[in-house]
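Q: With the sequences and hints as input, model every part of the structure.
What follows is the residue order along each chain.
There are 2 protein chains.
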Amino acid sequence: MKPGSMKPIRIGIIGLSPGAWAANAHLPYLQRPDSKFEIVAVCNSSVESAVKSAKDLNLPGGVRTYGNVQDIADDKDIDLVVCATRVDRHYNCIFPSLQAGKNVLVEWPLGGSLEEARELLNVAKENNVELAVVGLQGRFEAIVETLKEVLKEGRIGKVLSTTIISQGLIAGQTELHSQSYLIDRESGGSLLSIPALHLLDTVQAVLGEFSSFQSLLSNQRRAVKIVKADGSVVKENAVKTTPDHVMIQGTLNSGAVLSATIRGGAPFKGSPGLEWSIYGEKGEIKIAGPSAFIEIVGTSSVQLHDFATDEIVELKLKNGTFAEMYPINRNLARVYEAIAAGDKSLLCDFEGAVKRHHFIEEVYNQNSQV
Amino acid sequence: MKPGSMKPIRIGIIGLSPGAWAANAHLPYLQRPDSKFEIVAVCNSSVESAVKSAKDLNLPGGVRTYGNVQDIADDKDIDLVVCATRVDRHYNCIFPSLQAGKNVLVEWPLGGSLEEARELLNVAKENNVELAVVGLQGRFEAIVETLKEVLKEGRIGKVLSTTIISQGLIAGQTELHSQSYLIDRESGGSLLSIPALHLLDTVQAVLGEFSSFQSLLSNQRRAVKIVKADGSVVKENAVKTTPDHVMIQGTLNSGAVLSATIRGGAPFKGSPGLEWSIYGEKGEIKIAGPSAFIEIVGTSSVQLHDFATDEIVELKLKNGTFAEMYPINRNLARVYEAIAAGDKSLLCDFEGAVKRHHFIEEVYNQNSQV
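Chains B and V, in that order, are what the protein sequence lines are.
Number 78 in the numbering used here belongs to position 78 of the first sequence; there are no gaps in the numbering.
Number 351 in the numbering used here belongs to position 351 of the second sequence; there are no gaps in the numbering.
Careful, some of the hints might be misleading.
Identical copies go unnamed one by one, so any copy, or any two together, can satisfy a pair.
Calculated pairs, EDC-like style, for lysine to aspartate or glutamate (alpha carbon to alpha carbon, straight line, at most 16 Å) [unchecked claim]: (1) Lys225 with Glu281; (2) Lys269 with Asp310; (3) Lys269 with Glu314; (4) Lys282 with Glu153; (5) Lys282 with Asp71; (6) Lys282 with Glu145; (7) Lys269 with Asp306; (8) Lys269 with Glu311.
Please keep in mind that the hints were generated in silico from the structure rather than gathered at the bench.
A: See below:
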């Protein structure tokens with residue numbers, strides 16, 4: 001990138017439609033007046049779709065509209081390719097751009113499988129891609145910085161353990177038609193690879209990596225209903241091959257132990273969809289949030305129980321940049337700002353992404369009968 | 001026993017002192033006018049101690065006072081020997097009575113190890129002991145009958161999973177001097193064998209047995225402070241060799257999956273020390289309670305979230321017998337009544353106890369480095 005440069009970084013986005021992820025999550029930062037980026041191209045499944053999106057989303061008149069990902073790769077005026085398609089299309093969508101040596105930001109998961117992720121890492125390396133990163137943006141959420149500071153201050157002493165119970169919304173009784181690929185293991189998208197992995201990545205950003213772990217995956221609902229957003233049924237008893245329960249227990253490099261259970265579906269009504277405890281020698285921190293998608297919805301409360309005083313303190317989230325934005329937007333804003341500043345301290349590069357894919361692969365291997 | 005007989009069943013209690021477990025837990029039922037039992041003998045570590053207990057606890061004048069467990073075994077007027085000593089004394093305390101063919105009710109855990117438990121089972125069998133049971137009385141607590149009924153009615157459909165997060169009070173920052181044997185693995189008493197096992201036994205009474213499981217044990221606080229009830233310190237940095245974290249994940253015979261984390265120490269201030277969810281096809285049940293010791297303190301709330309109506313219903317505990325007593329007392333009252341009635345449907349006999357000891361042994365084997 002061009003840190004310090006006054007010229008905006010020129011983006012080509014693959015997969016941009018009103019109401020879909022990139023429009024909801026990325027655009028609010030990218031369209032800010034103080035954004036360090038400029039959208040110069042949109043690539044959808046067809047030129048018509050790209051033209052429609054550019055218009056409906058009020059992109060500048062000169063934006064280029066493509067229907068083929070090779071065109072993005074070939075466009076010399078693009079500094080960074082952003083890929084926001086569903087996971088099973090990542091590989092094909094970004095391969096040409098990586099081959100062309102372009103910088104890429106791709107949504108997590110990097111690929112539909114460990115193998116795809118490895119190949120994408122290789123092609124990035126072979127073509128000397130300067131910046132190839134994935135959107136594991138939970139690391140940028142305010143809770144991470146807040147907790148890291150509280151732990152560094154020693155307010156709960158050495159961390160002994162952490163427990164997480166959370167609900168992933170997807171993989172419940174029904175699946176939305178627009179994301180019904182999530183019931184197909186082959187797609188690479190699932191409760192495990194998306195909400196559970198994002199959440200664990202965020203937890204690990206605070207508490208460190210696993211030294212070892214074991215897991216229990218289960219697919220309890222093997223047939224689900226596919227519905228539209230209005231509740232109308234598209235298909236009864238669609239075959240589901242992805243897990244709806246992800247249970248992990250392990251030891252972190254720090255020596256602390258972890259137990260995490262992420263299940264599909266909605267939380268118990270009126271209860272937090274994320275309950276995360278960090279138990280230390282001298283105190284305990286209790287984090288609550290709306291769902292497993294901590295990177296999208298943030299947290300709703302953070303409390304610290306100090307054993308010495310037996311008192312509870314409400315912790316305020318550290319403001320950080322873009323604190324006035326919703327978590328779904330501020331975390332991507334921070335990803336973009338880190339890219340613009342060339343700050344790789346929190347960004348997850350393809351090496352890091354392959355490591356996360358290894359974790360998923362290992363979980364599947366540990367549960368080969370599921 | 002003598003079901004239907006008008007004559008009370010005559011008990012000899014091993015280990016009865018004011019303020020200790022048997023006095024707090026067993027006596028309230030045994031001293032009721034409608035109790036079907038009569039305490040005819042007390043055996044403590046000395047005759048003097050037995051005499052003092054009998055007097056301080058207002059036992060009838062004719063009660064026999066022993067300082068040697070062989071005397072209990074030899075007493076022809078005792079129908080049932082009750083052993084309420086600490087676990088590391090169970091083996092020696094009840095062996096002579098089993099050899100004498102006496103009926104025995106012994107607190108859980110049966111022995112200090114799987115080997116001891118097996119030997120006690122064998123000696124009971126060899127001597128044709130009619131009734132040899134352990135105090136796994138959580139199965140008698142109202143929540144079990146309540147949940148079994150709700151599940152049987154199909155109100156949440158097929159059970160898909162269950163999650164438990166709970167705190168065991170013991171194995172925290174400090175250990176009480178009176179129960180400091182709990183920090184010594186050799187004693188057989190620990191967070192694993194006592195609160196975690198009682199809780200899991202209660203859960204399994206509702207949801208069935210494991211078909212497979214894996215576990216993570218951890219001893220995070222390897223040196224703890226031994227204190228008296230008034231908080232005064234008896235010993236700093238006493239070596240602890242028992243776990244303070246018990247994490248279990250497994251599959252039940254029904255196919256449902258389970259994740260349970262029981263840690264030592266107190267709950268987060270103001271939060272339940274037991275959070276137990278039962279997630280089904282059509283609804284979810286959420287149980288809260290004060291701590292892992294569900295058999296002693298019961299539960300504080302049971303709610304059902306019906307997915308079809310999206311409403312929450314508070315479930316009332318089924319009253320059952322002795323509902324007016326505290327859980328610590330009513331569950332033992334029910335154990336005694338089951339013994340008197342010759343009803344073995346819920347009682348845990350020595351075969352069942354050995355099975356539970358097997359579980360503990362397997363957990364230790366899975367975590368041999370702890």
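Q: None of the hints should be skipped; say for each whether it holds.
A: Each hint tested on the structure:
| no. | hint | in the structure |
| --- | --- | --- |
| 1 | Lys225 with Glu281 | between (46 Å within a copy, 13 Å between copies) |
| 2 | Lys269 with Asp310 | between (30 Å within a copy, 7 Å between copies) |
| 3 | Lys269 with Glu314 | between (24 Å within a copy, 13 Å between copies) |
| 4 | Lys282 with Glu153 | within (12 Å within a copy, 45 Å between copies) |
| 5 | Lys282 with Asp71 | neither (58 Å within a copy, 49 Å between copies) |
| 6 | Lys282 with Glu145 | neither (20 Å within a copy, 39 Å between copies) |
| 7 | Lys269 with Asp306 | between (30 Å within a copy, 9 Å between copies) |
| 8 | Lys269 with Glu311 | between (29 Å within a copy, 8 Å between copies) |
This entry does not satisfy hints 5, 6, going by the numbered hints stated previously.
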